[in-house]
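Kindly produce the complete structure, drawing on both the sequences and the hints.
Protein chains in written order, with the working numbering: chain A, 1 to 399; chain B, 1 to 279.
Hints are not guaranteed to be accurate.
[Unchecked claim] Over 12 Å on every C-beta distance to chain A, these chain B residues come out as not near it, computed from the model:
(1) 113
(2) 124
(3) 187
(4) 231
(5) 255
[Said to hold, decoys possible] With a cut-off of at most 25 Å between alpha-carbon atoms, the simulated DMTMM-like pairs for lysine to aspartate or glutamate come out as follows:
(6) 77/A <-> 182/B
(7) 126/A <-> 180/B
(8) 78/A <-> 179/B
Hints listed in this document are in silico derivations from the structure and should not be mistaken for laboratory results. Ideal placement from N, C-alpha and C gives every residue a C-beta, glycine not left out.
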Amino acid sequence: MDKRVVIVNGKPTNFEYQVCSRCVQDSTVPGIKFDKYGVCNFCHIHDKLEKIFPNGEAGRKILDKYIEKIKKSGQGKKYDCVVGISGGRDSTYLLYLTVKEFGLRPLAVHFNDGFDNPVAGENMVKATRKLGVELRTISSDWREAKELKIDFLKASVPDLNMGTDIGIASSLYGVACKENLKYILIGQSFRTEGIKPLSWSFFDGRYLKSVHKKFGKTPLRKWKPEDPGFNFGVKELLYYSLIKGIRTITPMYYWDYNRSAATELIQKELDWVYPGAHYYDDLYHSLIKYVHRVKFNIDMNMNSDSALVRSGQMTRETALERAHGIYAIEDPKVIDLCIKRLGLTREQFDEYMSYPPKTFRDYDTIYNLIRLFKFPIYVFSKLNLIPRITYDKYFNVGK
Amino acid sequence: MKIKIGMAQLLVEGGEPERNFNRAEKLVVEAAQQNCDLVLLPETIDFAWTHPSVYNEAQPIPGKFSYIFTELAKQHNIYICVGLSERSNEKIYNTAILINKYGDIILKYSKINLLEVEHPFYEVGTKLEVVDTEFGKIGVNICADNYSGALSIGHTLGRMGANILLSPSSWTVDYCVTEEMDPYKDKWKKPLQSLASLFNMLVVSTTSVGYIVGGPYEGKKMVGCSLAVNKNGIIKEGHFNEFAGELVVFETDVPKNKFKGTQISDYLSSRGVDYYSKM
Numbered sequence: 001m002d003k004r005v006v007i008v009n010g011k012p013t014n015f016e017y018q019v020c021s022r023c024v025q026d027s028t029v030p031g032i033k034f035d036k037y038g039v040c041n042f043c044h045i046h047d048k049l050e051k052i053f054p055n056g057e058a059g060r061k062i063l064d065k066y067i068e069k070i071k072k073s074g075q076g077k078k079y080d081c082v083v084g085i086s087g088g089r090d091s092t093y094l095l096y097l098t099v100k101e102f103g104l105r106p107l108a109v110h111f112n113d114g115f116d117n118p119v120a121g122e123n124m125v126k127a128t129r130k131l132g133v134e135l136r137t138i139s140s141d142w143r144e145a146k147e148l149k150i151d152f153l154k155a156s157v158p159d160l161n162m163g164t165d166i167g168i169a170s171s172l173y174g175v176a177c178k179e180n181l182k183y184i185l186i187g188q189s190f191r192t193e194g195i196k197p198l199s200w201s202f203f204d205g206r207y208l209k210s211v212h213k214k215f216g217k218t219p220l221r222k223w224k225p226e227d228p229g230f231n232f233g234v235k236e237l238l239y240y241s242l243i244k245g246i247r248t249i250t251p252m253y254y255w256d257y258n259r260s261a262a263t264e265l266i267q268k269e270l271d272w273v274y275p276g277a278h279y280y281d282d283l284y285h286s287l288i289k290y291v292h293r294v295k296f297n298i299d300m301n302m303n304s305d306s307a308l309v310r311s312g313q314m315t316r317e318t319a320l321e322r323a324h325g326i327y328a329i330e331d332p333k334v335i336d337l338c339i340k341r342l343g344l345t346r347e348q349f350d351e352y353m354s355y356p357p358k359t360f361r362d363y364d365t366i367y368n369l370i371r372l373f374k375f376p377i378y379v380f381s382k383l384n385l386i387p388r389i390t391y392d393k394y395f396n397v398g399k
Numbered sequence: 001m002k003i004k005i006g007m008a009q010l011l012v013e014g015g016e017p018e019r020n021f022n023r024a025e026k027l028v029v030e031a032a033q034q035n036c037d038l039v040l041l042p043e044t045i046d047f048a049w050t051h052p053s054v055y056n057e058a059q060p061i062p063g064k065f066s067y068i069f070t071e072l073a074k075q076h077n078i079y080i081c082v083g084l085s086e087r088s089n090e091k092i093y094n095t096a097i098l099i100n101k102y103g104d105i106i107l108k109y110s111k112i113n114l115l116e117v118e119h120p121f122y123e124v125g126t127k128l129e130v131v132d133t134e135f136g137k138i139g140v141n142i143c144a145d146n147y148s149g150a151l152s153i154g155h156t157l158g159r160m161g162a163n164i165l166l167s168p169s170s171w172t173v174d175y176c177v178t179e180e181m182d183p184y185k186d187k188w189k190k191p192l193q194s195l196a197s198l199f200n201m202l203v204v205s206t207t208s209v210g211y212i213v214g215g216p217y218e219g220k221k222m223v224g225c226s227l228a229v230n231k232n233g234i235i236k237e238g239h240f241n242e243f244a245g246e247l248v249v250f251e252t253d254v255p256k257n258k259f260k261g262t263q264i265s266d267y268l269s270s271r272g273v274d275y276y277s278k279m
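Spelled out as structure tokens, the structure:
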């Protein structure tokens, strides 16, 4: 028995330390369970998702049906759909596929909250120009965006980018609504990103509001369908999906998405430059990685590397070597930039770091309501009214 | 006489001089590679316009920041005009310098028409000048010096015989302005066009791009669309963008002034410009 103290979400536990025998996720991942072969529940969910979302020929057939629907919905309009882009690999590749492989006329939408990595910014400009795609940048009001980032530091939870995550979703739906478009394409793939435990990335507009109410000073601007700002909860989602009929599609779920091959292709075709790491299209991830590692013992890379191991895109040995290491983007200069940009001193930041670790469960969220509405969420996921992975995220790795 | 100019529409991050200068250097090198005679960078590219870090970190001119650009000019055999914050006698100015291709600072100008929100940051400049170059006389002013209500500044440079007016800028818009909109409408085109037309000048204004973090203009951003105009209209316009810099290059004839001194007054009167009619 491994006697090391297992720290989960920043708190010591009496769990026995174990590493999944198939991927590399270990006991530090909240909600992880191992079967008699030592395989974790995240691997089992991956296998289930593989069946629900086949790639290869079967996946292409499903995708073709979606493409047909999207084209039909775009008839008589300037665009067929919205594609969310960040300048990172996944979204750039998706934009390429959308134009070159699917033959769609997308409107590329980017959400800027003041921490864009300039390398990713240049990638977006190059990609949209080369593909002849219009770009729409939705900027946050920095006074709101900055305060939300500080709120979540003070809240002492791992969800440090909640404002940005909500902002991305709301801007995609807001633009789709404004342009009367019915489909939003996003570059997520469980095969390369994995599924995050709930307490590592709990996405909830009510959570954002409750944290802001407790720690913020200025009220957030009100929701408007075409200018939602940081308002994106159940009510807003229902409005966009049920009243406006907007659907989110994740084409990469059905595509044979190989990161290395995709990288090579977009470098060649779109002059894409690697921003330095996954998620490093946003400089704030430098600070997030640091806080996660030092304060919470969270290794998000272990989670996404595990996905790559499962889908045969990384060896287990490589992933094991990388697990719990200091990630390259934890650049002290960039961490200082983030702190300075928020208008904080190092002392203030260190004080927030010293607050006892918490999770979304310590705040008012929609979690209990979600558990009550298990069945409707299942149906909504099936119908693509919400991302297909939502159900599994809340009910199958729900810690 | 022709001149090839690069408008270096730079991404300026608030409070990050080193990162900003690194990007500026890339654009200067790119301009040199494209055989530009002159590269025009935006206003206060060290800390970004009205960023509070200017209080403690502004440098004198000449100083370590201006040195970066004098060396670049020399190394790449190119004229550089760049906006920097300037510490001078315990005061801070919003300054622009013109450097010749040998690396000499041949003109230094500090902004006169400061916006009210700038007053806590910068002192008002105290002189206007033009300088003789191989391309003709060049004058420099900065951003809001070209507001419709402050055109006397541009007029003075025109009267001093400027063939080319360079204006490093940080044009701002509200955060909610997006690509499909006309970001400034007539705010800049009209006054720049007026100066170019009245004085037969080439007027070039390069603005920065970026999201404003820190200072009184939080909630606004800079989206590019730099402008070069002559008496006939727009010669070149930069793209709308808020997160990626780019070099916008054009080549044009340097206009020649027709009039001097009181001839200008007569000419302006003939164009309906009468300074005293509203007094």
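Status of the hints after comparison with the structure:
At the 12 Å boundary, the C-beta of residue 113/B stays outside the reach of chain A, the nearest C-beta of that chain being 25 Å off. Consistency note on residue 124/B: stated as away from chain A, and its beta-carbon is indeed over 12 Å from all of that chain's, at 28 Å minimum. Here residue 187/B stays apart from chain A, with its beta-carbon at least about 19 Å from theirs, past the 12 Å limit. Chain A leaves residue 231/B outside its interface by the beta-carbon criterion, the shortest separation being 31 Å against a cut-off of 12 Å.
Annotated as non-interface, residue 255/B keeps its C-beta farther than 12 Å from every C-beta of chain A; the closest such distance is 32 Å. For the suggested pair residue 77/A and residue 182/B, the alpha carbons sit about 22 Å apart, so the restraint of at most 25 Å is met. For the suggested pair residue 126/A and residue 180/B, the alpha carbons sit about 18 Å apart, so the restraint of at most 25 Å is met. Between residue 78/A and residue 179/B, the direct Cα distance comes to roughly 15 Å. Compliance with the 25 Å bound is thereby established for this hinted pair.
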